[in-house]
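S.K.: Put the complex together from the two separate chains, hints included.
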Amino acid sequence: MKILKYILTIIISLLFLCGTEYAKGQQSPKEKKPQRTDNFIHMEGIRIGTDLSMPFQSFWTKGDRYGIEANVDFELKPNLYPVAEIGWEKKKIDQDYVKYNSSGSYLRIGLNYNLLETESKKEKDILYIGCRYGLCYATQQVDSYTINNSYWNVDSGSFPSQNYHCQWAELVLGLKGEVAKNFYMGWSIHYKISILNGNLDMPKASFAPGYGNIENGSAFDFTYSIAYNIPFRIGTR
Amino acid sequence: MNHSLLKIFFIILIALSILNGCDETFDLPPSAYSGIDFSYSDSEITTSPTISAYGLGIDSLIIDSVSTNEISVPFSINDSSTFVFTIDSIIDTLTIHHIKTLNEESVESGFYYEYEITSINYTMNRIDSIAIPDSTITSVWNENLEIYINNNN
Chain A
1 MKILKYILTI IISLLFLCGT EYAKGQQSPK EKKPQRTDNF IHMEGIRIGT DLSMPFQSFW
61 TKGDRYGIEA NVDFELKPNL YPVAEIGWEK KKIDQDYVKY NSSGSYLRIG LNYNLLETES
121 KKEKDILYIG CRYGLCYATQ QVDSYTINNS YWNVDSGSFP SQNYHCQWAE LVLGLKGEVA
181 KNFYMGWSIH YKISILNGNL DMPKASFAPG YGNIENGSAF DFTYSIAYNI PFRIGTR
Chain B
1 MNHSLLKIFF IILIALSILN GCDETFDLPP SAYSGIDFSY SDSEITTSPT ISAYGLGIDS
61 LIIDSVSTNE ISVPFSINDS STFVFTIDSI IDTLTIHHIK TLNEESVESG FYYEYEITSI
121 NYTMNRIDSI AIPDSTITSV WNENLEIYIN NNN
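Chains as they are written, first to last, in the numbering used here: chain A, 1 to 237; chain B, 1 to 153.
With the rest of the complex left out, here is chain B (with noise of 0.2 Å):
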């Protein structure tokens, strides 16, 4: 009876070892992504307005011309981050000042920063002011910044 059973642990075995080999998947490392707000300050405004949105000298774009109210932007390694956004076809910059952590999610998975955020400037061609509802970026999605939009044309 025993040998029985040593027979059906070593099908058992082979089985698992099967499955499990063909899984050496490793999970991504997470990012934190800063989660940024449009709004009209004019709260009678209840459209969202078309962003564009890119890092000052990267070539491509975060987003492109989206009807959105929300959007997420990763930081940079460096002590500041520079997006360019052009919100209804008017272009504003802003830098975000910001000290990074670094975080281990696993040995298997890998690491990746947390940010806070420490000041931020930006330009005032289209955007009114900027709130900081929340200066810590996480890997789970929050609103970090609160971008009121004018409604000059």
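Excised from the complex, chain A in its bound form (with noise of 0.2 Å):
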């Protein structure tokens, strides 16, 4: 099962990179460089994406993890993106003493920053550093468990379904190409700290949804997306 994930994988993210470069290759030859005012990258309207990574976050992560996010943003002002990214995953660990299962939906709102310049107003393409405000609600169940006493007698037993809410905060870096008239593709890499883990006595929270691992202190993840910019002015810019 693994191995036909892995070769899913490869095969769709090739065909994104065949699909990127294709996308260059159609592009017409650069026009005349307008005159341009100010070098910022401008984009008008808003974008809404979708994390493509989610399905196969089991990759990185023990146990079985997937989900799915939507996310959008708009240009507030000149390099300043909100941003939120809505989303519901679940995680599954099915090893010898322990079967355990997590599943609920998350929030993250936040701002980018871009970091790039251009002098063509065509170009869209931004790097961007950005933060993010993380919360999620999700139930997590401990289906059995075994206590590795080897020598004398084997115990087991489960813990019921329990309900938690966890928040974090997330340092973010990223990018995103426009690789097709109004559509995006990016990565983004995410440093999260947790804020608040559940208060749960036993079993404790493990996972949060949009977090990962919330036994640890702080996680890294990241994600690959691709967007559609849906074009129209907002306010009078």
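If you are wondering where the hints come from, they were derived from the structure by calculation, not from laboratory data. A portion of the hints provided could be inaccurate.
[What the hints assert, rightly or not] What the simulated footprint calls covered on chain A by chain B, stretch by stretch (three residues with Cβ under 8 Å from a Cβ of chain B suffice, anywhere in the stretch; the number is not a length):
#, region
1, 142-148
2, 151-163
3, 199-209
Yeah, the Cβ is synthetic: ideal placement off N, Cα and C, and Gly gets one too.
M.R.: Written out as structure tokens, the structure is:
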């Protein structure tokens, strides 16, 4: 099953790469650069996307982790992009001593700040740093556990379903490239710091949707997204 | 330039995925073992006794004819654990009454019991007396019982 997942991911990613190159090849030769009064990169309207890495989270997370995410951002001021990301995630652990599952929804809101400048109005690619505040509501259950006592007798048990919520903060570094007109692809790396880890006694909250392993006070994560920009003017910019 | 960065991150993702995907192993849950120290009541005897030990009702030995001053023994999930010691070829029985507490290492590695010794009973064929320096048995090794051996053959 794991091998099939790898093959699927590699094929999908290669297709995206081919698409990137094809899109580049289809762009018309550069026209004469327009005069700019500033070198800001502008995006009109809103950009709606999804995180393509979500179904494949188990590649870099122990256990089976998968989910879906939608995200939206827009240019509030030059270089400043408010962001909202909403999603659902599930994690399952099925090993010799523990069978566990957790699932829930999450919301992240924050800002991206673009670091790039351009002389061309048509240049839309951005490299950004950002911050997020995240929260999730989730349910976890230990379906069974086994005490590792190989000399005497084995003991086992389970824990009923528990509801909890977590909060965290994130620092983000990422980029978004316009691979075809109004279509974007991009990566981002997230460093997450736990603020509230569920406040459960036993078992402790182990997995926070949108965060990862909440037993650790901090975590790294990364995303690979596609997005579409619905262009329209906001305000009188 | 940015499209090159996209490619670089793509390659990093594939590499990390393969590296991490191959490491789908979970740590074993820890175990709490009671540390037992042996010494002769006659402090002039500095040699180590030869010890064998097994749990009452269990076929396998915990330790088999080893000259040592300290051993670790696992506790039963019941209210007491009885061990049969052969100390320098003489048999003694030690029953340890205990209370267990469920602990969580992590959801990924599992759960384990820690114990609190409440009382002990023992035969005195080779055992002279037993002290309990620390009644709490955790996943970290600690000297919980000190068994003093008489030197009568």
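S.K.: Compare the structure with each hint and give your call.
M.R.: Verification of the hints:
Counting residues of the region 142-148 of chain A whose CB lies closer than 8 Å to any CB of chain B gives 5, so the stated coverage by that chain holds, three being the minimum. For a cut-off of 8 Å, the count of residues in the region 151-163 of chain A with a CB near a CB of chain B stands at 5, and the three-residue condition holds. Given as covered by chain B, the region 199-209 of chain A passes the check, having 5 residues with a CB less than 8 Å from a CB of that chain where 3 are the minimum.
In this structure, every one of the numbered hints holds.
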